[in-house]
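**Q** Each chain is listed here by its residues.
There are 2 protein chains.
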Amino acid sequence: MEKNYKLTIAYKGTDYSGWQVQPCQRTVQEIVEETFKSMFKSEIKLSASGRTDAGVHALAQVANFRSEVKIPPEKLVQALNTKLPGDIRIKDCSIMDEEFHSRYSAIGKTYLYYIYNSRINSPFWKDFSYMVPYSLDFDKMILAAEGFKGEHNFLGFMSTGSSVKDTVRTILDIKLQKHDNMIIMEITGNGFLYNMVRIIAGTLIDIGRGRISAEDIKEIIDSKDRNRGGHTAKAKGLFLKRVYYKEEEIFQCTSKKTLDTLGSLL
Amino acid sequence: MEKNYKLTIAYKGTDYSGWQVQPCQRTVQEIVEETFKSMFKSEIKLSASGRTDAGVHALAQVANFRSEVKIPPEKLVQALNTKLPGDIRIKDCSIMDEEFHSRYSAIGKTYLYYIYNSRINSPFWKDFSYMVPYSLDFDKMILAAEGFKGEHNFLGFMSTGSSVKDTVRTILDIKLQKHDNMIIMEITGNGFLYNMVRIIAGTLIDIGRGRISAEDIKEIIDSKDRNRGGHTAKAKGLFLKRVYYKEEEIFQCTSKKTLDTLGSLL
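Residue numbers (our numbering), protein chains in the order written: chain A, 1 to 266; chain B, 267 to 532.
These aren't lab readings, by the way, just hints derived from the structure by calculation. Note that the coordinates shown come from a computational prediction; the quantities given were computed from them, not determined experimentally. Glycine included, every Cβ here is placed at the ideal spot set by N, Cα and C. Treat the hints with caution; some may be incorrect.
Stated by the list, open to error - Stretch by stretch, here's where chain B covers chain A in the computed footprint (C-beta under 8 Å, at least three residues):
| id | stretch |
| --- | --- |
| 1 | 125–139 |
| 2 | 228–234 |
Stated by the list, open to error - The calculated lysine to aspartate or glutamate pairs, modelled on EDC-like cross-linking and capped at a C-alpha distance of 20 Å, are:
| id | chain 1 | residue 1 | chain 2 | residue 2 |
| --- | --- | --- | --- | --- |
| 3 | B | Lys392 | A | Asp97 |
| 4 | A | Lys126 | B | Asp358 |
| 5 | A | Lys6 | A | Glu99 |
| 6 | A | Lys91 | B | Asp393 |
| 7 | A | Lys3 | A | Asp97 |
| 8 | A | Lys126 | B | Asp281 |
| 9 | A | Lys256 | B | Asp446 |
| 10 | B | Lys392 | A | Glu99 |
| 11 | A | Lys126 | B | Asp446 |
| 12 | B | Lys500 | A | Asp15 |
| 13 | B | Lys392 | A | Asp87 |
| 14 | B | Lys484 | B | Asp358 |
Required output: the full structure, derived from the provided sequences and hints.
**A** Spelled out as C-alpha cells, the structure:
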C-alpha cells in the first residue's frame, strides 16, 4: 500500500537552479528524486512547501511524496544521505496521513535574511548573505519593519511572473537583529508572494541607506505599486527556516524575543 | 624607500593546500603574492604569523612584506580585493616600523575549533566544522579543558614533522561553548606546536565520547607521549582567529566570559 512520506530537507542553494525540476538545470528536487530512484529503483515525485529560487537556501524545506517502497523513515534518511551531495541533507522523514500535503497543509513559514553590512566581503558568509557596502541606519530599519506586520495586500511586494490572484498575506512577526557587521531579518507569515521576502529585505536596506523614508512604509504597502518599494535583495542571503503545519508551532517561534543567531543556521 | 606592510587576511581554507607556497599546489600565500605581482608588477614575499594546513581557515591571519611600491594601505586593500578570489579577503593593511615581523613579533594567538555534534551533517557547516556523530559528554569536556590551562611541555600534543626544540607553551585561556549541535572551543596561547590545537580538540572529543578519562588529562600532558592523547581533529573545523602583538589585546580577549558565537565568524 502506498504511503505518504514527509521529508525535511536542508540545502545550500548556491550550486542549484533552485528547488523545482527544470529541463537542463541542476535542481534540488531533481537530485533528491534521482537519488531515490537510483537507490530504490522506484520513481517518486516530490511536492515541496514552495519553490525556492536559484541560490536560496533551506534549513528545513518540507516535501512529501507517495511511494509503495517499504522502508522505515529513519533508514530512508540514512540511505539518502549516503548518496546525496553534501550540500543537500535529509534532516527528517516521517509517514503522514493520506491528507497531508507539504504545500496545501502549510499554515505559515519563517524565512531568515542575512545582510552583511561591510565594505569587505567575508570568505565565510559570501554565499550565505548579501553584502551591502553602504552604511545603514539600523534604527530606521527596525522602525520600518514594524510597518509590515499584520494583514496587508502585498501586491506591491511581488515580482512579476506569478499567477497568484489573492495577494493578501499576514506578517505574524518580523525581527531584526544586528551582530557586528551582520543584520539578520527573521520574518514569519501565513504565506509569502513571489520574491516577497527579498523585496521586503531590499526595501529595509533602501530605508537604512536613506533612499526611502521609514515613515512611508505603510503608504508604500497601500499603494500596491511595485515601483514604490525597494530593490529585490539577492537570493543568496535568503533561508527558508521553517514551514508550519500547527498553530502552536508558529506561536512558539514568534513569541521568542530574540534570534538565536548561530543556532538559526544549525 | 622600502616599506614594511602588514596585511590582515581572512580565508576559507577549503580549496587551498594551506598557507605556505609549495610546488604545484594552490596555496593562499601564492595566490596573494601572484595577485600583488599581477597588479603592481613587483614581486613580494609574504611572511605569515605561521602556516595553516590544508583546509584550515583564518579570520585574521597576519602577514608582512617589504616593498618599494608606493600605495596607500587602504588603496592596497581595495585593489587586492578586486582581483583576489572571493575565498580570500584582505581585511586590513598598515605600514609598520622596520622591526615588525608577523611571526617573530607575535606574542600569542587565538584559535577557534568548531565541532558539529550530530548524526546528520549540515550543508552550511560542512566545510567549517568537524562532524562528530557520537554523543559527547559536554561537562566532561569542560572539566578536561581546564587541565590544559597554564604552562606545560606539550611535546605529547605535537604531530611529527616539526623541528621545534622548545615544546613548552602556555595556554592563557580555553573556553568551550555549546549551541544546539555545535560545540565551539576557543583557545588562546603564547604559541602552539604543530597540530597542537587539533590534537587538543581531538582529545576533548575522545573525552566527551568516554574513550579517555577527563581526570587523566594532566597526567597525559606530563607523559609527553603522543600516544596517550586523543586523535587529531580534522583541519576543516579550525580557524585562526587572531594574532596578538600587544599584551593588552590578549587580556581583552581572554577576559571575556562567553564566546560571541556568530560574531566569531564575522
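**Q** Each hint needs a verdict: does it hold in this structure or not?
**A** Now for the hints, and whether the structure bears them out:
no. : hint                    : in the structure
1   : 125–139                 : holds (count 3)
2   : 228–234                 : violated (count 0)
3   : Lys392(B) <-> Asp97(A)  : violated, 34 Å
4   : Lys126(A) <-> Asp358(B) : holds, 18 Å
5   : Lys6(A) <-> Glu99(A)    : holds, 12 Å
6   : Lys91(A) <-> Asp393(B)  : holds, 18 Å
7   : Lys3(A) <-> Asp97(A)    : holds, 8 Å
8   : Lys126(A) <-> Asp281(B) : holds, 15 Å
9   : Lys256(A) <-> Asp446(B) : holds, 16 Å
10  : Lys392(B) <-> Glu99(A)  : violated, 35 Å
11  : Lys126(A) <-> Asp446(B) : violated, 24 Å
12  : Lys500(B) <-> Asp15(A)  : violated, 25 Å
13  : Lys392(B) <-> Asp87(A)  : holds, 8 Å
14  : Lys484(B) <-> Asp358(B) : violated, 40 Å
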